[in-house]
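Visitor: Sequences and hints are given; from them, build the entire structure.
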Amino acid sequence: MPSPASPNIPPAPPVHVERPFDLRDWVLIALMTVTWGLNVIAVKLALQLTSPLTAAFLRQAIVAVLCLPFLRFVPGRMRVIPLYAVLAGALFYIPINMALAISDNVGALVIAGQMGAPFAVLLSVLFLGEKIRLPRVMGLFLAFTGVMLVGFDPAAIHELPGLALMAGSSLIWAVGSLMTRQMADVRVATLFAWLGLAGVMILGPLALIFEREAMAGIVAMPALAWLWIGFSAIGSTIIGHGGLSILVQRHPIGAVMPYTLIAPILSVIVSYVIFDTPITGMMMLGGVFVLVGVAVITIRTAKRGQMIETPS
Numbered sequence: 001m002p003s004p005a006s007p008n009i010p011p012a013p014p015v016h017v018e019r020p021f022d023l024r025d026w027v028l029i030a031l032m033t034v035t036w037g038l039n040v041i042a043v044k045l046a047l048q049l050t051s052p053l054t055a056a057f058l059r060q061a062i063v064a065v066l067c068l069p070f071l072r073f074v075p076g077r078m079r080v081i082p083l084y085a086v087l088a089g090a091l092f093y094i095p096i097n098m099a100l101a102i103s104d105n106v107g108a109l110v111i112a113g114q115m116g117a118p119f120a121v122l123l124s125v126l127f128l129g130e131k132i133r134l135p136r137v138m139g140l141f142l143a144f145t146g147v148m149l150v151g152f153d154p155a156a157i158h159e160l161p162g163l164a165l166m167a168g169s170s171l172i173w174a175v176g177s178l179m180t181r182q183m184a185d186v187r188v189a190t191l192f193a194w195l196g197l198a199g200v201m202i203l204g205p206l207a208l209i210f211e212r213e214a215m216a217g218i219v220a221m222p223a224l225a226w227l228w229i230g231f232s233a234i235g236s237t238i239i240g241h242g243g244l245s246i247l248v249q250r251h252p253i254g255a256v257m258p259y260t261l262i263a264p265i266l267s268v269i270v271s272y273v274i275f276d277t278p279i280t281g282m283m284m285l286g287g288v289f290v291l292v293g294v295a296v297i298t299i300r301t302a303k304r305g306q307m308i309e310t311p312s
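Take the sequence shown: its letters are residues 1 to 312, numbered as in our numbering.
Hints are computed from structural coordinates only; laboratory data are not their basis. Built from N, CA and C at the ideal position, the CB exists for glycine as well. You can take every hint at face value.
Simulated restraints, written as ranges between beta carbons of each label pair:
{"hint": "1", "residue 1": "V273", "residue 2": "L128", "range": "35 to 43 Å"}
{"hint": "2", "residue 1": "A184", "residue 2": "L23", "range": "24 to 32 Å"}
{"hint": "3", "residue 1": "R24", "residue 2": "R133", "range": "32 to 40 Å"}
{"hint": "4", "residue 1": "I209", "residue 2": "A184", "range": "31 to 39 Å"}
Guide: As structure tokens, then:
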């Protein structure tokens with residue numbers, strides 16, 4: 001991302017010349033897709049070895065350590081950055097990790113977790129007065145209908161608490177995504193540093209209060225737990241989001257964002273293979289509805305020059 005601009009002079013929007021993706025771009029797309037697609041799998045595997053808040057704290061601690069050199073006070077942005085950091089760097093991870101800890105059907109959770117983009121559009125209409133046309137209205141309808149189909153599938157009905165928590169995390173993410181519109185001139189690494197710092201400061205004390213035994217056992221935690229948590233922190237945050245930031249500097253947002261839709265499909269497939277989660281006809285139909293709805297919303301929003309990412 002470009003360096004922060006003067007608070008008195010808004011940065012000019014980047015001008016992209018349409019050009020084909022080169023080898024480096026395709027490598028970044030592949031890395032972004034794989035790290036995001038496998039992130040939920042890594043977190044679920046980590047939560048089989050440690051507790052939800054502890055895992056979230058360690059993830060953000062790794063991000064904080066790696067990005068601390070980029071921590072900066074950004075003039076004109078210090079009202080929104082701390083609030084965004086609390087939401088996206090701490091509160092977001094509480095319901096998502098709790099959902100993965102209490103649920104077995106990871107595929108169903110992945111589908112529910114795609115509601116961030118629909119929620120973001122809905123919030124922008126309700127609170128920012130944004131006008132949306134029929135395609136995005138249909139996208140919203142498909143996405144919410146799909147989640148209802150998954151939620152009322154008899155094979156996933158017992159996962160309703162986890163689905164509700166996952167939807168809650170998507171709502172938190174959506175609120176944060178609207179705030180990023182005010183931080184387009186802030187370096188991605190600087191935002192990551194603030195997110196990691198907020199995660200450590202909030203999730204650490206919460207884990208000490210509610211998961212004292214797990215926090216005390218960090219030094220004896222299995223190496224595999226560290227591997228999965230490290231993959232989530234470095235893969236999803238540093239490589240995934242960092243790769244996306246490079247791509248949207250080199251190409252129009254509308255050309256890049258469709259590739260982010262591959263990640264949830266990969267997540268569902270891999271979760272089925274690893275965890276043997278049931279995939280019923282009703283769940284498949286709901287998943288198709290959600291993914292098509294999110295695709296319409298993401299692509300149409302990208303054409304407006306705005307970016308909606310997959311929560312990770």
